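Q: The primary structure of each chain is shown beneath.
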Amino acid sequence: MPFIVEQSGAITVISVTGHLIVANRQELKHVVLERLRTGDREFLVDFAETGYIDSSGLGVLVSLSKKVREQGGELRLAALNEDLRTLFQLTKLDTLFTIVDSREEGLRDS
Amino acid sequence: MDPELIFHLPSDVLRIEDAVEKVVARCHRIIELERRASRVRMNLRVALSEALSNAMLYGNGADRSKRVRVELTITAKAIITRVTDEGPGFDYEHVPDPTTPESLLKPDGRGIFLMRRLLDEVSFNDRGNSVTLLLRRDPVRRE
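Chains H and B, in that order, give the protein sequences. For the first sequence, the working numbering begins at 239 and goes up steadily by one. For the second sequence, the working numbering begins at 1389 and goes up steadily by one.
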């Protein structure tokens, strides 16, 4: 399982350990939607242990962010390294998400 | 120049990760000391992943009986990867810009855009079922 899910107060933290790509995007979607269904509203996706993200991975983040927002919550991103941050900048998705430097910052600033 | 590596894959997205690593590992054996090695780590990985995903899902219509051919050629100046599917071809000239405000919230449509932004050259054959990805090398000069 490339995703580790933990609860920190009201925040659901999902660590992506590996790649977020076309082959596993549905797993992330399932995890977030299931948590959303049971009442979670604040999500922090931690990319500290992530290799790379493809366009399908970016797409699932866009789609989940929209669904979470529709329920009054927020899906934020944490710990993008320089390479991953470049992907968000190139696609201008850095304008769509709140991106924090680390999981600690994401938990502190919630 | 003969390809460094040629292999075929079924149209199964679960095979993409291993295929990408196979190509990147072969590149790294050769260009480990180059300044642009980090571009192989990220840019080639993402672009090749996109090309394989497009070939399997759109080119071959996710039909597992159809195969995708991968060719890697490494010249003195570039790393060239060609991905070819068995499909009818793709209209690569009419790909909308995914960064416009109206496209930003769409979950798809970023694959070709990313390939073009991450690599030095991306070209298609006339039929549109074969994409060639070119990443220029930047060898470290020895004094």
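Treat the hints as calculated values from the structure; they're not laboratory data. Treat the hints with care, since some could be wrong.
Stated by the list, open to error - Estimated spans, in silico, between C-beta atoms of each pair:
1) B:S1511 x H:R346: 43 to 49 Å
2) B:G1516 x H:E343: 42 to 48 Å
3) B:P1484 x H:R346: 36 to 42 Å
4) H:Q327 x B:D1479: 25 to 31 Å
5) H:K305 x B:G1477: 21 to 27 Å
6) B:R1524 x H:Q309: 42 to 48 Å
7) B:S1511 x H:E272: 26 to 32 Å
8) B:P1391 x H:E312: 34 to 40 Å
9) H:E320 x B:P1489: 46 to 52 Å
10) H:T255 x B:D1479: 43 to 49 Å
11) B:P1484 x H:G256: 17 to 23 Å
12) H:G256 x B:E1509: 43 to 49 Å
Everything numeric in this text was worked out from a predicted model, so none of it was measured. Glycine is no exception: its CB is placed at the ideal position from the N, C-alpha and C atoms.
Q: Now, for every hint given, state plainly whether the structure supports it.
A: Each hint, compared with the structure:
In this structure the supplied range 43 to 49 Å holds for S1511 of chain B paired with R346 of chain H, their Cβ-Cβ distance being about 47 Å. For G1516 of chain B and E343 of chain H, the Cβ-Cβ distance of about 45 Å falls inside the hinted range of 42 to 48 Å, so the restraint holds. For P1484 of chain B and R346 of chain H, the Cβ-Cβ distance of about 39 Å falls inside the hinted range of 36 to 42 Å, so the restraint holds. For Q327 of chain H paired with D1479 of chain B, a C-beta distance near 28 Å keeps the hint of 25 to 31 Å intact.
Between K305 of chain H and G1477 of chain B the CB atoms are about 34 Å apart, so this pair departs from the stated range of 21 to 27 Å. Distance hint check for R1524 of chain B and Q309 of chain H: the Cβ-Cβ separation is about 46 Å, which falls inside the suggested range of 42 to 48 Å. For the hinted restraint 26 to 32 Å between S1511 of chain B and E272 of chain H, the CB-CB distance of approximately 43 Å leaves it violated. Distance hint for P1391 of chain B and E312 of chain H: a CB-CB separation of about 48 Å, inconsistent with the stated range 34 to 40 Å.
For the pair E320 of chain H and P1489 of chain B, the supplied restraint of 46 to 52 Å is violated, since their beta-carbon distance comes to about 26 Å. Judged by the Cβ atoms, the range 43 to 49 Å given for T255 of chain H and D1479 of chain B is violated: they are separated by roughly 37 Å. Between P1484 of chain B and G256 of chain H the C-beta distance comes to about 30 Å, which lies outside the given range of 17 to 23 Å. Between G256 of chain H and E1509 of chain B the beta carbons are some 29 Å apart, a value that contradicts the proposed interval 43 to 49 Å.
The earlier numbered hints that this structure contradicts are 5, 7, 8, 9, 10, 11 and 12.
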